[in-house]
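Undergrad: Sequence:
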Amino acid sequence: MSGHSKWASIKHKKAIVDAKKGKIWTKIANMITVAARESGGDIESNFKLRLSITKAKESNMPKENIDRAIKRGAGGDKSIIIEEIRYEGYGPGGIAVMVNAATDNRNRTASEVRAAFSKHNGKLGETGSVGWMFDEKGQIFVDFKGKDKDESLLFLMDSGAEDIEEEDDHALVITSPKDFEEVTEKIKNYGLGIVSSEVSFISKNEVKVSDEKTASQILKLIDALEEIDDVMDVVSNYEIAD
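Heads up: the sequence shown begins at 656 in the numbering used here, then just goes up one per residue.
The set of hints was computed from the structure by calculation and includes no laboratory data. Since this is a predicted model, take the numbers as computed values, not measurements. Do not take every clue at face value.
Said to hold, decoys possible - Derived DSS-like pairs: lysine-lysine, alpha-carbon spacing no greater than 27 Å straight-line:
id, residue 1, residue 2
1, K678, K802
2, K712, K792
3, K774, K712
4, K863, K800
5, K841, K712
6, K863, K875
7, K678, K718
8, K802, K841
9, K792, K875
10, K843, K712
11, K863, K843
12, K703, K792
13, K678, K726
14, K841, K778
15, K859, K792
16, K841, K703
17, K863, K804
18, K833, K859
19, K859, K718
20, K792, K843
21, K712, K778
22, K792, K802
Unchecked claim - Label-pair restraints from in silico Cβ distances:
id, residue 1, residue 2, range
23, G749, I698, 39 to 49 Å
24, K843, E817, 16 to 26 Å
25, V850, D884, 20 to 30 Å
26, D803, R761, 44 to 54 Å
27, E693, D824, 29 to 39 Å
Idealized CB from N, CA, C, for every residue including glycine.
Could you put the whole structure together from the sequences, leaning on the hints where they help?
TA: Have a look at this one:
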């Protein structure tokens, strides 16, 4: 797997979190609500809820916001039903795009997602049209600052990770979904800083994009999709050439 688009995606997402914290909190609150509605508000027994709360803490979301979202999902507020939906489609250059959303209005969200695809030279596809091109994986973005890099890499290799991709003072640690929490805990106990962590999708094979115009269109499409209030996550299989 090439690391270029994954590194770009991680840095891109972090920039969005830093710049639009209020909007990100709303998105994460919806993720928490969906998780609590699906499997209850007990953090210990609800893996998806734990992941959502971890993401909330990484973005410094206030505890009262987290508690409110759990209560809303676990039955405290029956006036609004939020459900999770996945959209699949194609972007400029034939790249595959998956969009994960949490919404209280399917028609509104579908319309906004379709409009973003159409405006930026893409096309919304059928369910299952591109999902097979991705694998669900744990992704932990770690910081080597204050630690010996070589020793840290040796530790990560023995931590249960499936793959490790390093760049400068950071590394992207890939795990299976079932090993994600265990590996994350080992990394914390070792003392490495965790910049971000999530269970999301990674492309099996990436489409190399060398044309500057196509690359620009792709980035505009991804930005437009991430701007939609109901959209939680956008993954794709592009690799922009250096």
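Undergrad: Next step is simple, just say for each hint if it's right about the structure.
TA: We went through each hint and held it up to the structure:
1. K678 with K802: Measuring from Cα to Cα gives roughly 34 Å; hence the hint is violated.
2. K712 with K792: holds (20 Å)
3. K774 with K712: The hint is violated at about 34 Å.
4. K863 with K800: Since the Cα atoms of K863 and K800 sit roughly 32 Å apart, the hinted pair is violated (cutoff 27 Å).
5. K841 with K712: OK: K841 and K712 at ~18 Å, within 27 Å.
6. K863 with K875: holds (17 Å)
7. K678 with K718: holds (16 Å)
8. K802 with K841: holds (15 Å)
9. K792 with K875: At roughly 26 Å apart (the allowed maximum being 27 Å), K875 and K792 satisfy the hint.
10. K843 with K712: holds (14 Å)
11. K863 with K843: Status violated; Cα separation ~35 Å.
12. K703 with K792: Distance of about 13 Å is within 27 Å: holds.
13. K678 with K726: Distance of about 20 Å is within 27 Å: holds.
14. K841 with K778: Given that 27 Å is the threshold and the Cα spacing comes to 42 Å, the pair is violated.
15. K859 with K792: Holds, at about 11 Å.
16. K841 with K703: Holds, at about 20 Å.
17. K863 with K804: Given that 27 Å is the threshold and the Cα spacing comes to 30 Å, the pair is violated.
18. K833 with K859: Holds. K833 to K859 sits at ~19 Å (cutoff 27 Å).
19. K859 with K718: Violated - the C-alpha atoms of K718 and K859 are around 37 Å apart, more than 27 Å.
20. K792 with K843: Given pair K792, K843 holds - Cα atoms ~19 Å apart, limit 27 Å.
21. K712 with K778: Violated: K712 and K778 sit about 35 Å apart, past 27 Å.
22. K792 with K802: OK: K792 and K802 at ~26 Å, within 27 Å.
23. G749 with I698: 39 to 49 Å: holds (41 Å)
24. K843 with E817: 16 to 26 Å: holds (19 Å)
25. V850 with D884: 20 to 30 Å: holds (25 Å)
26. D803 with R761: 44 to 54 Å: At 51 Å between Cβs, range holds.
27. E693 with D824: 29 to 39 Å: Holds: the Cβ-Cβ distance is about 38 Å, inside 29 to 39 Å.
Hints 1, 3, 4, 11, 14, 17, 19, 21 from the list above are not met by this structure, while the remaining hints are.
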